[in-house]
Structure formats: structure tokens, C-alpha cells
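**Q** The hints should help you fit chain Y onto chain A, whose structure is shown.
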Amino acid sequence: MSAQAQAPAPSASASEAAVAQVPVMELIGITLRFGGVTAIKDISFDIREGEVRAIIGPNGAGKSSMLNVISGFYHPQEGEIRYRGELRASMKPYEIARLGVARTFQNIALFKGMSTLDNIMTGRLTHMRSGLFAQAIWKGAAEREEIAQRERAERIIDFLEIQSIRKAPVGSLSYGMQKRVELGRALVSEPSLLLLDEPMAGMNVEEKEDMSRFILDVNEEFGTTIALIEHDMGVVMDISDRVVVMDYGAKIGDGTPDEVRNDQAVIDAYLGVAHD
Amino acid sequence: MSADVYYGIEVVLNGLMTGVMYSLVALGFVLIFKASGVFNYAQGVMALFAAQSLVGLQTGQIPFSHLINAVFGLEVHHFGWTLPTVVAIALSLCLMVLFALLVERLVLKHLVNQEPIILFMATIGLAYFLEGFGQLMWGAEIKRLDIGIPQGGNLWIENATAGLGGEDFFGFYIDTLDLYAALIAILLVTALVLFSQYTRTGRALRAVADDHQAALSVGISLRTIWVIVWSIAGFVALVAGAMWGAKSGVQFSLSLIALKALPVLMLGGFTSIPGAVVGGLIIGVGEKLFEFLIGAPFLGGATENWFAYMLALVFLVFRPQGLFGEKIIERV
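Protein chains in written order, with this note's numbering: chain A, 12 to 287; chain Y, 1292 to 1623.
Pulled out of the complex, with its shape left as it was, chain Y reads as follows:
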């Protein structure tokens, strides 16, 4: 086989890796949508906030230091210590749980039985608030996040595959970080699926997602479930934020990956956890392969920016519930 075929395979592999990263973000959306029927616009900002907190805690940044300095005329920025990554991750997780508690207490509780569109609007407000709050707390500058996962092409894979495609082919280039991300995503998805299918709380989550009134009548407290769901979504946001942050730096554009999650959800269905994964993979591979085969040679490149949305549009026309979404059964 010629080297071109192997380059094609490499494109697919890299597409799969990118797809995993998309899936991580999409997962957070699915979790909240399943349990409360709310499309959580703030999911991307939650990932950004989680990543900011992770960096801030890790490097011993003083929260709100800009505010403190401005009010008291001080010049403080750091505590002067650094925390181990594990501790910083645990503390960030605590922050996300606290955020979930506050969201339930201050926002959701007051919007019980409201239309989904109203809850959606509330999450838009939440997104803008958290965006500003994150910058106030940790600063707006671009930061490097090092969570101890090596970055750059994986030499082992590159060397092992170097001989495959003849003289012009130097082996598959795959980022080690992407490999770790894929592994973590697989673990996360397996855990979430098992949790929602086979545990009491998982069953309660699905019950709340289906019918609030019926859930109340079998003894489920909606408020407890919402806190749990937003906490899990916060945890997923932390994982996604840490992975994307380590890959491309912690910066504002991190919150925009949420937009990439939208086509993923349209493909996979808003209510399916495996769907979020498969949707992510299809988008990841699809956009890389399209660019490689059609975009770059014939369309002048940069098709990755819009390919996902085009694909989502096609899906909306032919299969609106997505690949794995629940088919809407309407008995008359």
C-alpha cells in the first residue's frame, strides 16, 4: 500500500482522538438534559471555570487577587506554594459541587414547573455570570495547565509503525495527551452508563428525567437529584476542562468548545450517554477525513470549522432524534 493510505489512517486515528475530546464536553450536556430536560448553555463555561480553578489552585494563586489589590491597594498574587495535581483536582471538584448546590438553591429551585425555554434562558444567564466570575476569581490571562500527562507525538507508536508505508511514511503521529484523554473518556462513560442503568440513584435520575410528578409520587426528592446531576456535570466539566486546558491552554476560547458539542448532540441524541460518545467520534473523524480528502485538495481547506454543523443539519432533516435518542412515542 502506498503512503497515502497510511496517512489516511493516521487522519482517522487523529479524528478519533479529537472526537473523544468533543464527547467529553457533550457528556456534560447529556447528563443535565436527561435529568431535568434543560439544555445547559453554561456547560462550556463550567469547563472553563473548572480548568481555571484547577490551574489557580495548583499554582497557589490567590482567588480574587485583582479585586483585593484594587480595593486595598496591595500587590499580592500568589500564596507562594504549589499544590500537588491530585489535591488541586480534588479541591476543584469540591468547587464544582459547591457550584451545583448554589445553582439549585439560587436558580433551579425557583423555576420548578417552568417551561424548558425559561430554564434554558436561566442557564444563559448562568453562563455569563460564571464567565465573569471566573475571570474575577482567577484572572483573564491565558494560562498553561500541566496535569502531569506528557504531551507531543507518541514516539513508541511512531517508531513501531514507521516501516509500514514505505520510504515516504514515518509512522503514525498521535499525541500522547489524546491517548490519555481517550482512556479517561472510556472509563468515565463506562462508569456513567453503569451508574445510570444499575443503581438506585441512577434509576432515580432517569425517573426525574421522564416525569417530575411521577418521580415525586414514588418518593424522589427533585432537589436532591438536581444537586447530584449538576455535581456530576461539574465533574465532567472538570475532566473536559483539564484535558482541553492541557492541550491548548486555559483561555476564554475553552468555553466555545461547547458550540462543537451541539452537532455532536444532534448526531448522538440529547438523551443518550453512548450517543454522545459515538456522535463525538463521528464528528471528529468526519471533519478530519473530509478536510483530508475533499476540503484541502478541492475547497481551499479550513472545512473543519463548518463540517460538523453541516452534518448535524443533514441529521436534523433525516433523523431528528439522533442516532441513539429516544424515539418519541405518541399514542393517540
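Isolated chain A, as found in the complex:
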């Protein structure tokens, strides 16, 4: 455990004080190798209840691999992952999604042929319980359930201000809008942990501001714990509570944005070291 875990800063702002110290996810000594290439080297950190946790680092630092480890798309060779204090066995991505961990992808993975509403409704699949037979005859419980799920989907659509594109096939939407729909699909599952892989990549300034606002709103209004990867340092420092810095697969910094900003190793990784 890091020093902050035992002693929260007394001068913490209101939002930081709201952050409980209970870890949702703990990663201990994670090492991930692809053949001879080590993508992640012995990394440990935790994600605490209610915080916005950022993972930053230069290109190829292993940030996306880290997120893929958390969401079960990759399985690390070494180390252990604890979810709410319990050791998590090697699980498949869909099992982890059912645990309440939702994610978005760096290169947007939406169902392009389906409408915005249908895409968001798929996010409710893990919450729907009616059996195959009940669905087949499409009556009673199954119907009520569908209506209840639909209401939640509509609430998320309102929240993200995407009412105007509800019926549009997502393949026809702009990049920024697709990112927003993908966020909606993750949100509607009411995740206990939301993983965002570069939610603002490829966006213009205005879209970035919108997205930052949504991320902060999600965190404050729904109390959702968020872990995100981001390149834009300005954005990261503004919206996150704590930051992990990675470089060449190793962790080189961990702390509040201010601490990280003044860390010599982090500055070296980002600005380069003078060789003389």
C-alpha cells in the first residue's frame, strides 16, 4: 500500500474527501508478456471506491494492455488481481462484465449496424433475467422487464444529450458521437467500475470539454468509480483524483496530479532526459 492509503491528505478538497479509501480493484505485481516482449513489468496499484483514476504514459507504455488485463481480455503471467478484496481467478471478458466492470475501447467497438438506442440497450443485457422461453413468447415478465430496461436506457440517453441520434445507425455518426454512444453503453450497465480507454482521443477541443464534463458528472452523480487512460495531460490533471504513470511497461509514478506533475521520473519520461 502506498503512503496515501494510510493517511489521506488533510487539505483534501470536497470531492477528494468524498473518495472512500476502499479499493474496488487491486492489482498486485502484474506482469504481462507476449512471447518475448514484456508489455507490463511487475506493476501494482489500486483503484479506490468513487475515485477517478488515470493511467498515463507515453505511447507504447503498456496502458491499454493494463486496461485489457483489468477487463479480462488479457491474462497476466504473474501477479494477482483482487476485486473488492477477493482474489479474482482468471476470468473471461464477459464474466468480468457481469461482475459490474464496464469498458470502452480505444478504437470504438460499437455495433455499427444497430441504432444508438439498441447499442445502449445491449449494455443492459447483464441485468436482464427473463428466461429464453419467456422471451420467445414475449409476454408478461419479459415484456415488463424490457420496458423497465428501456427506461434506464432513455435516462442515459438524456444524460449524454444524444436524444437526436436515438434511431440513427451508429456507423453513420461522427467519431465524437460514437465515443459518446460507447460511453452510454458502458454507463447503462450501472458499472461499479468504469474503464475508459482514451475517451478523448481524436476529439476536438469542444468535444473534449463535453466528454470531460460527462466523466466528472458520472463520477459525481452516479458515484461511479472510473479508471481512464488519456494522453491529454491538461485533461488528466483536471479530472482525475489520482494518477498512475507508466513508461516502457513499468510504473514510474503514482499519486495526486500535483505530486505526479512534480515527480522527476515523470518529467524525464515525458520531456526526455538530457544526455551530456
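Keep in mind that the hints were calculated from the coordinates and are not lab data.
Relax, there's no trap hidden among the hints.
Simulated restraints on C-beta separations: (1) 1433/Y <-> 162/A: 55 to 63 Å; (2) 220/A <-> 1550/Y: 55 to 63 Å; (3) 49/A <-> 1354/Y: 53 to 61 Å; (4) 233/A <-> 1409/Y: 42 to 50 Å; (5) 46/A <-> 1377/Y: 54 to 62 Å; (6) 1489/Y <-> 55/A: 45 to 53 Å.
Since this is a predicted model, take the numbers as computed values, not measurements.
C-beta: ideal position from N, C-alpha, C; glycine also.
**A** For chain Y alone, coordinates are given in the frame of chain A:
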């Protein structure tokens, strides 16, 4: 109106009936293609196998009797009982579900994330295997299938319409079996469309069809979905096999109706359930009408054999995604 016009109408009606039968086969293809992006070459053989099983179970045939006889020098063929049609259909359905489970466990599971062409090749292997396996299990001889639907021209329709076209016209000749097939196909398609549009599993099926990675991330198990899809395709194969089997006997050529489904799919689009139906109807009516108006009088007949493929070719040139297929949206 002259009798010729009424004969023309009769040709159209019969074309619609044949078209329904084509649609039944095409449906099975669409289901699997939608959910896994695989063109299931084995669909026709699945229909054959389902029909063979249906006859075998119904007439109380002993499975693998030829093999048993050859190995143990016995001379057994039948259990000596016959099963009610409903029970035989239920048991055949169980066999098709079991087949779906085995396909997932033994074939698909090992080919996750492979190119579609590799999965396609696997289904070709599957087709040849099932063809041989079906013959080993139930024998290779041509069998009659009676599922309790009356066959032959529908007298009621014939009598009711007899007076329409003057003295030379004796009423519309429509096979009762075809009428039942049409009714069953309509029910099946309605059920499938409702299922895929409005239910959780239906939505999961469409999600898997669209993007595997995204489907995993929202908590969908690909393997479960594949078993469900292949089971439904097995069910459709059973319906198609039973209908075609009752019409023209259960025999090897049944598996070749799959070839007729190809032009149907090119017309209707590989991803659309209503498309499979409309495509089937267009092909059915088109080939009968072409034969009646142009083929028989001017081209020496037998145009039904190639008309469907010609039509499909024209469609490929002008509308490659078919009538109802999803238009491929490519943003740059």
C-alpha cells in the same frame, strides 16, 4: 378474360408456393450468417439429416443398423414400433440441438477469431461429415416422409375457381402441402423477426453478429450465443427438411436445395430475415413465370434450372448488398 390469363395467375401462385420453400432453406443460412458471419455450407445437409432423422424415428428404424449388422452379423432393421409424428419431430429437434452443441464444442470453439473463409471451409468439412454420418445412421435409400399433411391439388380451391376462366379453365391447381408450407413459413418468420428484434437473446444475437469484442465487453458469452444460433438453424433445417421431404421424398438431392438458397440470399441480402422470404418469393415466381412466358415457348424449356442464378448475377452487379441487406457504411 381468357383462360391464358388465369393460367398465368396460377403460375404465379405456384411460384409463390415454391418460393416459400426456397425461403425456408435460405432462412437457416441467414440466421447463422447474421450471428457469426459464417456462410454455413452445411445448412442443406442439416436439412437432409433432420429429415432422415425424422423418418427414421417415426418409423422406428434402428440407428446405425447397417453398421451393427455388418459388425455383429445380425439382420436387424427396425424396433418394430412407430412413433407419433409430434414425438418424432420433438426427438429430431433434440438431435439438432445436440448437433449444435457438438459443432460449437468440437469446431467453432477452436476457430474463434479466425478469418471467415476458414470458418467457411470448416462448414464444408462439416457438410461432408454430416452427409456420410446421416447415411451411416439412417441408411442411404430414398424414403417417403408422411407428416400428416395431405398432398395433391387442393380440391376446394380448384372447385371454387373453376368457373372463372371460361370453358377451357378448370380452376387453380395448388398443392395443399405447399399451402401448409406457406403458413408454417409465415409463422416461423414472424416468430424469428420478433425474437431477434425485441428480446434480450435476440439483441445479443445481433450484437455478436456485429462485433465480437464489443459483445464480450457487455457481458455476452460468444459460445452460448453460437449454440443458440446453431440450434435455431437446426430447427429451421428440420422444418425445411420435413417440408421438402414430404414433397419430394427424403433423398440425397434434398441437400442440394441449399444451392437454390444461394440466389435467394443474393437477392434478399445475407443479413435480413424478411429478405430471405422476399428473395425466395421473387425467385419462385420469377423462374415459374419466365418458364411460362419465355422459356417454354421460345427457349425450349427447362429454364427453371438456371433462371435463379442469372437473376442473382444481375443483382450482384447492380445491388451487391441485396434488397434488404445492410448497406456497408464506410467512414473515412
